[in-house]
Amino acid sequence: MFDYAGRTGYEPISEVDRKEFHEQGFMLLRNVLTEDHRAALEAAVDRVYAEEKAAGNTTKDGTLHLLGFLDRDELFGELLTHPIAFPYMWGLAGWNIYTHHNHLDVTPPALEPEKPYWGWHQDGYRQNSDPETMDPNLPRPMFSLKVAYVLSDLSEKGRGATKVIPGSHLWNSLPRPADLTVQNPDPEGTVEITANPGDAFIFDRRQWHSRSTNLSTITRKMLFVGYTYRWIRPLDELHPDLASQWWQNRTPVQRQLLGEGGHTANYWGINWDGYIDDEIPLRKELKTRGLLDRSVPWLR
1 MFDYAGRTGY
11 EPISEVDRKE
21 FHEQGFMLLR
31 NVLTEDHRAA
41 LEAAVDRVYA
51 EEKAAGNTTK
61 DGTLHLLGFL
71 DRDELFGELL
81 THPIAFPYMW
91 GLAGWNIYTH
101 HNHLDVTPPA
111 LEPEKPYWGW
121 HQDGYRQNSD
131 PETMDPNLPR
141 PMFSLKVAYV
151 LSDLSEKGRG
161 ATKVIPGSHL
171 WNSLPRPADL
181 TVQNPDPEGT
191 VEITANPGDA
201 FIFDRRQWHS
211 RSTNLSTITR
221 KMLFVGYTYR
231 WIRPLDELHP
241 DLASQWWQNR
251 TPVQRQLLGE
261 GGHTANYWGI
271 NWDGYIDDEI
281 PLRKELKTRG
291 LLDRSVPWLR
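The numbering of the sequence shown is full-length UniProt numbering, which starts it at 1 and goes up by one.
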């Protein structure tokens, strides 16, 4: 449908990219979406936004944070295996993955100055506590990562872009100001991810990050797709209609990414005999293409 010069989504990422991601916890990817693809996605977002606003599901200033949006449009389902972004997902997390959390965000210009808030956090909720060690210098497991598609112009600061602290994915804590009733400066090292329409960025769920206030005249539009291991339970409610054309259009790999599995052991990457299940769609695809790599634990 859109021209990506023969890219399939199965071109392995470079060791340089893998090293940068592991060191920084995020990567900004330029020109991920072709302009016609970006425009089509924006039109789909605008349609969904209008539906949600009519249903009374936006905030008083028009902000929409819609979880589990993938089955709202054919284009959204195709994002699961985007030819440029998807290699980073399996290249950094492996073949036993699916999407557990995805959200569509529309953030109009703020109606008034925002009250003081401290928005810095790591994703994962209890994943930041349940597997915790007593050693503060031992980073938690990654568990998941996200790709964020930028549909609007975030090339200047103050347009509601995500803020990150590069390298902070290796920190188990971040000092909080003593007084949260006043405006506090961002932590040292903060970077606001300024990006052009059609860019994308990926980030480790442990990355300390925060939203920011949209102080511009431009409405921020973003699509976030998170990937985690299939043995982790879903965060969002996603119940696609298995009789729908949308589901019928999904490839075997996309169906895996939407949570399909033959049996419970399958989610752990094995058959009931305890051996690896080579029929798991993404593993089968990577194996067929010679992309499994025993030197990379998640690609064994």
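Everything labelled a hint here was simulated from the structure, so no lab data went into it. Heads up, some of the hints might be wrong.
[To be verified] DSS-like cross-link-like pairs, simulated, lysine-lysine; straight-line CA separation at most 30 angstroms:
#1 K163 with K287
#2 K53 with K19
#3 K157 with K284
#4 K19 with K163
#5 K19 with K115
[Claimed, not checked] Pair ranges (Cβ atoms, derived):
#6 N172 with I232: 16 to 22 angstroms
#7 W118 with D241: 20 to 26 angstroms
#8 K284 with L215: 26 to 32 angstroms
#9 E11 with D241: 18 to 24 angstroms
#10 G262 with R289: 31 to 37 angstroms
#11 Y125 with A39: 46 to 52 angstroms
#12 E112 with E15: 24 to 30 angstroms
#13 D130 with N196: 34 to 40 angstroms
Heads up, the beta-carbon is just placed ideally off N, CA and C, and yes, glycines get one too.
Numbers of unmet hints, in rising order
Of the numbered hints, 1, 2, 3, 5, 7, 8, 9, 10, 11 and 12 do not hold.
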